[in-house]
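Asker: Quick mapping for you: the protein sequence lines, in order, are chains A and B.
When you line the first sequence up against full-length UniProt numbering, it's residues 1 to 89, in that order.
When you line the second sequence up against full-length UniProt numbering, it's residues 1 to 385, in that order.
Careful: at least some of the hints might be erroneous.
Derived lysine to any residue pairs resembling SDA-like cross-links, with alpha carbons at most 20 Å apart [stated by the list, open to error]: (1) B:K222 x A:V9; (2) B:K25 x B:N201; (3) B:K222 x A:G8; (4) B:K222 x A:V11; (5) B:K235 x A:V11; (6) B:K235 x A:V9; (7) B:K229 x A:G8; (8) B:K222 x A:Q75; (9) B:K229 x A:V11; (10) B:K235 x A:G8; (11) B:K222 x A:P6; (12) B:K368 x B:G290; (13) B:K229 x A:P6; (14) B:K222 x A:A12; (15) B:K222 x A:R13.
Derived from the structure by calculation, the hints contain no laboratory data.
Each chain is listed here by its residues.
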Amino acid sequence: MLIKVPMGVPVARPRIGSAGKTGLWRVEKPVIDYNKCTKCRLCVIYCPENTIDLLENLYPQIDYDYCKGCGVCAQVCPPKAIDMVREVK
Amino acid sequence: MQVLKRKTLALVGNHAVAYAVKQSKPQVLAVFPITPQTTMLEKISEYIASEELNAELIKVESEHSALASIYGAALAGARVFTATSSQGLLYMTEMIYWAGGQRVPMVAAVATRAIAEPWSIWDDHQDFLSKRDAIWIQMMAENVQEAYDMTIQAFRISEDERVILPVMMGFDGFILTHTMERIEVLEDGEVDNFLPPRQFNLIDFSDPIGVGPIATPEDYIKYRYEAMKAMERAKGVIEEVMNEYERISGRKQNGLVECYKCEDAKYVFVTMGAWSGDCKVAVDRLRDAGVEAGLLKIRVFRPFPKEKIEEYLRSMKGVIVLDRAYSYGSGGILANEIKATLYGYRVPVYSVIAGIGGKDVRPRHFQKVIEDLINDNLEEERWLL
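All chains, please: the whole structure from these sequences, using the hints.
Answerer: Written as structure tokens, this is what we have:
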């Protein structure tokens, strides 16, 4: 249920996809090598767009609809299991 | 009419406001000490230490943080309070605009004081009036009793769902904050009935919202338009709340403006704040001398009570506006507002700038100005140096 915000009080209602498919902005795509991944979850914590979910087996999964390809996950990954693959020619 | 025997106390202004705050039961307070407000903070701390007031008093490192912290608490549904003065109010300014724009219900008491430079701790209205466009309701007390009454009323007005605006209650530094007066206080139970706990709460974990969002040019102006509408609605709500308070307290509250002997007056002073009392003495003396003088005291500066002022002043022979603040390069702030309100009427408006930086103003100063006006010897703007 939406709470009643009085008229004229400025609030935002952040919703998934409210800015469209922001994944389209991506130049480089992070690709996880699950053979190297140690399930440490640092990428999940660091993702500034909250687009990395944990699967039931605790491996991370990137939502490419909204991942903007910033590369933070690849930078923080201790075993270097994430490759940034250029998508735009 | 049954004469009520009220509890009567002798309190300095700061302690009277602290007493009103205690009775209003805010849950979160954040105050940074600054002269001449500090003794209010000290009194509130005592109330919390002795468990007379059950509240969280956040120790902050600045006025900016003080307002920022109660801003968050207010959004979470708490009743909140802060107080400051002069440089502290200026340091708080960025958050003042945030609170106004976000429409956060809160009450801030401002012990008015001059602004540096030159450094001054004495009273004038320059700090208070510099916040006139920040989307805050601004009220100003004439004496310690009004400061007490207005503090309790301010919470009610601020939290009214037709309004939802922060309220600033100004009262003159030292002249009221440090002067002891006999005041009548309400019983705790009466304040509880007048001021029920806050209903409105923006935080709901099942439905998250973002506070402090960006607004595109398409939306921004609409929020400001709504704020303007809320200010207009506040006029009626303020009158309503003050009338209800009048019934409970048995003391006249006067609403947005107080008219002192101005119904049959030809010449009228317009004032705001503590020196209205001195002005009343001057009016009485002038009346004894056969001069048809009166006083219109502005109790609420924002929203500006244009309709009331127009009603009282439109047929006056002369209006003298006394300002304790100045818009440099323009004119007396209250004088400019009165002139704008009386646009279209043939009423001469004179501006007198006095009392800035605490310079003493006495009834005889008011008398002299009106005598000069009658003798056709008063300039459009006069500074009492």
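Asker: Can the restraint linking B:K235 and A:V9 be considered satisfied, given a maximum Cα separation of 20 Å?
Answerer: holds, 19 Å
Asker: If you draw a straight line from the CA of B:K229 to the CA of A:G8, is it 20 Å or shorter?
Answerer: Status holds; Cα separation ~9 Å.
Asker: Is B:K368 within 20 Å of B:G290, Cα to Cα?
Answerer: holds, 15 Å
Asker: Is it true that the CA of B:K222 sits at most 20 Å from the CA of A:V9?
Answerer: holds, 11 Å
Asker: Can the restraint linking B:K25 and B:N201 be considered satisfied, given a maximum Cα separation of 20 Å?
Answerer: The given pair, whose Cα atoms are some 17 Å apart, holds under the 20 Å limit.
Asker: Can you confirm whether the C-alpha distance between B:K222 and A:R13 stays at or below 20 Å?
Answerer: Holds: B:K222 and A:R13 sit about 17 Å apart, inside 20 Å.
Asker: Holds or violated: B:K222 and A:P6, Cα atoms, limit 20 Å.
Answerer: OK: B:K222 and A:P6 at ~14 Å, within 20 Å.
Asker: Given the hinted pair B:K235 and A:G8, is their alpha-carbon gap at most 20 Å?
Answerer: Holds - the C-alpha atoms of A:G8 and B:K235 are around 17 Å apart, at most 20 Å.
Asker: For the pair supplied as a hint, B:K222 and A:Q75, confirm whether the alpha-carbon distance does not exceed 20 Å.
Answerer: Since the Cα atoms of B:K222 and A:Q75 sit roughly 43 Å apart, the hinted pair is violated (cutoff 20 Å).
Asker: Decide if the proposed pair is consistent with the structure: B:K229 and A:P6, CA atoms, cutoff 20 Å inclusive.
Answerer: holds, 13 Å
Asker: Hinted pair, alpha-carbon criterion (20 Å max): B:K222, A:G8. Please report holds or violated.
Answerer: Measuring from Cα to Cα gives roughly 8 Å; hence the hint holds.
Asker: For B:K222 and A:V11, compute the direct alpha-carbon distance and say whether it is at most 20 Å.
Answerer: Measuring from Cα to Cα gives roughly 13 Å; hence the hint holds.
Violated hints for the displayed structure, listed by number in ascending order: 5 and 8.
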